[in-house]
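Given next are the chains, with one letter for each unit.
2 protein chains.
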Amino acid sequence: MARIIVALALLGGAAAQLTIDAVNPKVVEAEYAVRGKILDRAGEIERDMAENPDKWPFKEIVRCNIGNPQALGQAPPAFARAVLSQVVLPKSKGSKQVKERADAYRAALRGGVGAYSDSQGVSLVREEVAKFISDRDGYPASPADIFLTDGASAGVRHLTQLLVSGPQDGVLAPAPQYPLYSATTTLFDGTLGSYYLDEAADWAAPVQELKKAYDDVVEKGATPKLLVIINPGNPTGASLPRASLEAIVRFVEERPGLVLAADEVYQENVYGDAPPFISFKKIVRDLDSKIPLVSFHSISKGFTGECGLRGGYFELTNIDTAVKAQLTKLASVSLCSNTMGQVAVGLMVNPPTSGPELKAYEKEKKEKLASLERRANKVAAALDALEGVSCVRPQGAMYLFPSITLPDAAVKAAKRSSMAPDAFYALRLLEGTGLVTVPGSGFGQKNGTWHFRTTFLPAEKQIDNVVQKLAGFHESFLAKYGGGGEL
Amino acid sequence: MARIIVALALLGGAAAQLTIDAVNPKVVEAEYAVRGKILDRAGEIERDMAENPDKWPFKEIVRCNIGNPQALGQAPPAFARAVLSQVVLPKSKGSKQVKERADAYRAALRGGVGAYSDSQGVSLVREEVAKFISDRDGYPASPADIFLTDGASAGVRHLTQLLVSGPQDGVLAPAPQYPLYSATTTLFDGTLGSYYLDEAADWAAPVQELKKAYDDVVEKGATPKLLVIINPGNPTGASLPRASLEAIVRFVEERPGLVLAADEVYQENVYGDAPPFISFKKIVRDLDSKIPLVSFHSISKGFTGECGLRGGYFELTNIDTAVKAQLTKLASVSLCSNTMGQVAVGLMVNPPTSGPELKAYEKEKKEKLASLERRANKVAAALDALEGVSCVRPQGAMYLFPSITLPDAAVKAAKRSSMAPDAFYALRLLEGTGLVTVPGSGFGQKNGTWHFRTTFLPAEKQIDNVVQKLAGFHESFLAKYGGGGEL
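As you go down the protein sequences, you meet chains A and B in turn. Numbering-wise (my numbering), the first sequence opens with residue 1 and increments by one. Numbering-wise (my numbering), the second sequence opens with residue 1 and increments by one.
Hint data in this document are derived by calculation from the structure and do not stem from the laboratory. Do not take every clue at face value.
No copy is singled out in the list; a pair is fine if it fits within one copy or between any two copies.
Unchecked claim - Listed next, the in silico DSSO-like pairs over lysine-lysine satisfying Cα-Cα at most 27 Å (straight line):
1. Lys-211 - Lys-59
2. Lys-415 - Lys-131
3. Lys-469 - Lys-378
4. Lys-324 - Lys-37
5. Lys-37 - Lys-329
6. Lys-329 - Lys-415
7. Lys-131 - Lys-368
8. Lys-329 - Lys-446
9. Lys-359 - Lys-91
10. Lys-446 - Lys-461
11. Lys-329 - Lys-26
12. Lys-469 - Lys-55
13. Lys-363 - Lys-91
14. Lys-461 - Lys-93
15. Lys-26 - Lys-220
Produce the complete structure using the sequences and hints provided.
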């Protein structure tokens, strides 16, 4: 037998197999928890449920690991879809406004959505974005400074690649942070510095922490090139007040060479009496600041929720023309972002302007945002009421990031399974309820604290059930492992 | 005045401006000629024409720089568009087959095209791709080995990033080559080795040249990790015969650690009596070889031509599960490829199967491919007939890559303008006719030879006009700079 295996190995040229040793170590090192092990386990369970439906104490897997509203039942934006459908296939009948918009996009795309666009994105949509920005901020914006991208993620990748090429280049990102930033920094071999958000102060971003992170990166021998601010926050939901935004701009001003990357994809998702969203572009102009700023937006969030179409943009402020040319070249290597996503960006920033389409749009927007707010408050209140759980009231975005006190026995059990305690908790939650969440350790958190991130996106009719499941699980978890324990 | 400027500079924190010095040197170094300077100049001329229509000796800019068929009038695939339109917005009326396909994609996407899919791509489309591959090759293919991507370019980026992290990692690519490969290698800081295709032998890929390139990279101190074969070729159009494919597989077999990257996006574009397309997957299985292989396909080429939708896939053959997991992680960092592109991949590999839809599809396919072939032959023959121009008869793909003999005076004039002679020629061609082509120096060519790449994609009714323009320009160019001269 052994001889046969050896012979086969030789015959098959087994030495030529590609193994993990040949892989870029930075790729191996990178982590992206939002689609990590808990989600893999959810997929396994789902496949098992198809064969053994009675084995599991729940009827379905509910993916709260990611802000994916349409996957949880949110309807797509009606006007935008009507236009998109006619961009794909023109129709003779239907609303005049829909037809005109579709015709305009098709014409601007010179060959329709089946043709490559300019690498920076089709000019009509960039004009729509520039108008949206100038209306929002009260300052001019130019289509020449707008880049359309496959979701905001692709833009973040381009910006990181533009500035980070080795350990000498630093990136400052929040903790907790959306792990796109740590993953991208690792992939481009940069040095990550984390500034800690203040959970006790509604997850504020204290300048003192920015300074610490900056100095920390400098101490490691790197030059900080990018400061990432996520506002409204992910996973925290914090909507930063004007004073905080101004302090951050001043912080960057004092540090030449630092570029501010403003992740503002949740700008529509601000709830209740939270500080209203103000763009960094506006703050920079208000302060007459010359700091280099790159601002990101996306069709995946807000009340648009068109995640799958992969549309987004970034705007450059105070960025040298020669640098812009390098970004254009980077975009050109993949030819262009997808044209349906580009058109969807145009429809997000330039909604219907008159007639029944406008009324329907406004109703849809109002209802969707109100529903998100109701669900946010409901889930947050329910979590906050649980023993050993504390949940900051959500100001914005689509997530809750409650802090959980885990009993000693649970921490020990996690250790025995070689897992972070909050990953252990999230895994038990999945296996007990079918709810998919992401452990706080995937986002970064202060040592000795444990969290998990959950969206509050399940449909309104489902949300009570989700809350019950969360509460029921938490109680049985405490009952099993005993209350009290370490923070 | 001087004092005011100084004061403003201080106030504005001008030192904080982002300049080119801060940019990743690999980004600065990378070149992508297909969307390079000639295209920029075309944009300038187009803007100028809008204001001064009589200034230029032509009525329009015709972009032959890139394989973008719908931009030049090719109709989108009818059945696919009908389904895509209903994936965006379901309708109660219409063809049963269209409706069923659209419903199936929406259901498989769990929330429709507005929801993020699995990072690897929606399983239904991966199943369709696997069936397409196994029907094509006569060997099994598994959806688990298929990754859906934003066009083939994104897949090539993922594969290069997976394997190349510094100068110690080599990539072997053809010369001439589609510059995606050199650009991506430079961006990831790898060492490029070029193997020269043999123009005199229908642009064959001689193993002797592969060996030279391999040894050359080894001599530079790098380990060759990727061998890129573009078949049918871009920009050459060569469709490699079976013996050549087999020799290449044997070459890889003898060099453990080398991965074969098969760019097969032009697999539908093989014309006349050229060697028929055979996939490397089939050759690897026929030879019972164990070489690691990654095969790319796209919706942008063939007769589908859906460039703007950005859909593509790659298939892994003989790749370790642990390596695959790293690719999945890379894909997950940008969440998923765009869902419309994913569905369009499904529709390309799984066209209508019955009824009037099937008949219409077959007619469309036949007519489009026949038209491409007619245009290829017409432009190639016209070019080949010109004094000092030699054009290999196109076997496949969408391009011609004629060799041009430039008069001494033209070479000198180019030198005076600090341009490569063929870039000088392509610029004059643009300014004289409005035709956008890409100089051969952007693809790589043997020293002392000059070429340009042009697509033969202008619509059938335009093509005679394009041919006339090319010929007229070439004659006047020779008249101006004198015939003869260096090869």
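Quiz prompt | Violations among the numbered hints, reported as their numbers in ascending order | solution = 1, 2, 10, 14
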